[in-house]
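S.K.: Sequence:
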Amino acid sequence: MDLTTSVFEKLPDIFINEVEDKTNYIKIIGRENNKRVYKYIKRKCVIDHENLNKYKVLLPKSNGSGAIGEVLSTPLIGEPLIGHTQTFISIGAFDKKIEAENVMKYIKTKFARTLLGVLKITQDNPPAKWKYVPLQDFTSNSDIDWTKSIHEIDEQLYKKYNLSEEEIEFIETKVKEMD
21 MDLTTSVFEK LPDIFINEVE DKTNYIKIIG RENNKRVYKY IKRKCVIDHE NLNKYKVLLP
81 KSNGSGAIGE VLSTPLIGEP LIGHTQTFIS IGAFDKKIEA ENVMKYIKTK FARTLLGVLK
141 ITQDNPPAKW KYVPLQDFTS NSDIDWTKSI HEIDEQLYKK YNLSEEEIEF IETKVKEMD
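Residue numbers (the working numbering): 21 to 199.
These aren't lab readings, by the way, just hints derived from the structure by calculation.
We treat Cβ as the ideally placed atom computed from N, Cα and C, and that holds for glycine.
Each hint should be verified, as a subset may be incorrect.
[Claimed, not checked] DEER-style ranges, computed between Cβ atoms: (1) Gln106 / Lys180: 28 to 36 Å; (2) Pro32 / Glu192: 43 to 51 Å; (3) Pro147 / Asn73: 14 to 22 Å; (4) Phe190 / Leu101: 36 to 44 Å; (5) Asn182 / Ile67: 26 to 34 Å; (6) Asn53 / Lys168: 24 to 32 Å.
[Stated by the list, open to error] No farther apart than 27 Å at their CA atoms in a straight line, the calculated lysine-lysine pairs in the DSS-like style are these: (7) Lys116 / Lys149; (8) Lys125 / Lys81; (9) Lys74 / Lys196; (10) Lys149 / Lys125; (11) Lys125 / Lys62.
Assemble the whole structure, with the sequences as input and the hints as a guide.
M.R.: Take a look at the structure:
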């Protein structure tokens, strides 16, 4: 089954708020009554997806106004066996949690959010809007030191992509920081 945005309301009988034995269940994040909630569904009811058993970063599919460099609404790490409704998009399919944490840092950079803003001109935040955000190596072999602060990662990205002083100044003055 596809987990549409309103699946919790449309099919309330197949979702459970809590389960004691989670062996045959998957935890799903979605929205209900305008709030983020987790519910459980039997694993056999869900179409297997490549990142279901992996770490990933989850973001709202709709966020903000479309202003360049705007702050993203509370991204979070999705652990293995956590899925999501179509209210969210996911980034990555990692065996190691640290790699998902590095993605989280990357999407919080001013650099990545500025490039996202090139195509994201409304609230809609589907994967296609990320076209100009360069893919990075999120492992310890990366040319980016992911152990650094988000600001320091931004500085590494500016250097890596040879941004001019004017481009850096634009980003640094127009784009809000994210924690």
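S.K.: Against this structure, judge whether each hint is valid.
M.R.: Each hint tested on the structure:
1. Gln106 / Lys180: 28 to 36 Å: Because 33 Å falls inside the window, the suggested range holds.
2. Pro32 / Glu192: 43 to 51 Å: With Cβ atoms ~47 Å apart, the hint holds.
3. Pro147 / Asn73: 14 to 22 Å: 20 Å, holds
4. Phe190 / Leu101: 36 to 44 Å: 42 Å, holds
5. Asn182 / Ile67: 26 to 34 Å: The hinted range 26 to 34 Å is violated for Asn182 and Ile67, with Cβ atoms some 42 Å apart.
6. Asn53 / Lys168: 24 to 32 Å: Violated, since Asn53 and Lys168 (Cβ atoms, about 39 Å apart) do not stay within the stated range.
7. Lys116 / Lys149: Holds, at about 26 Å.
8. Lys125 / Lys81: 18 Å, holds
9. Lys74 / Lys196: Not satisfied, since the Cα-Cα distance of roughly 30 Å exceeds 27 Å.
10. Lys149 / Lys125: 19 Å, holds
11. Lys125 / Lys62: 32 Å, violated
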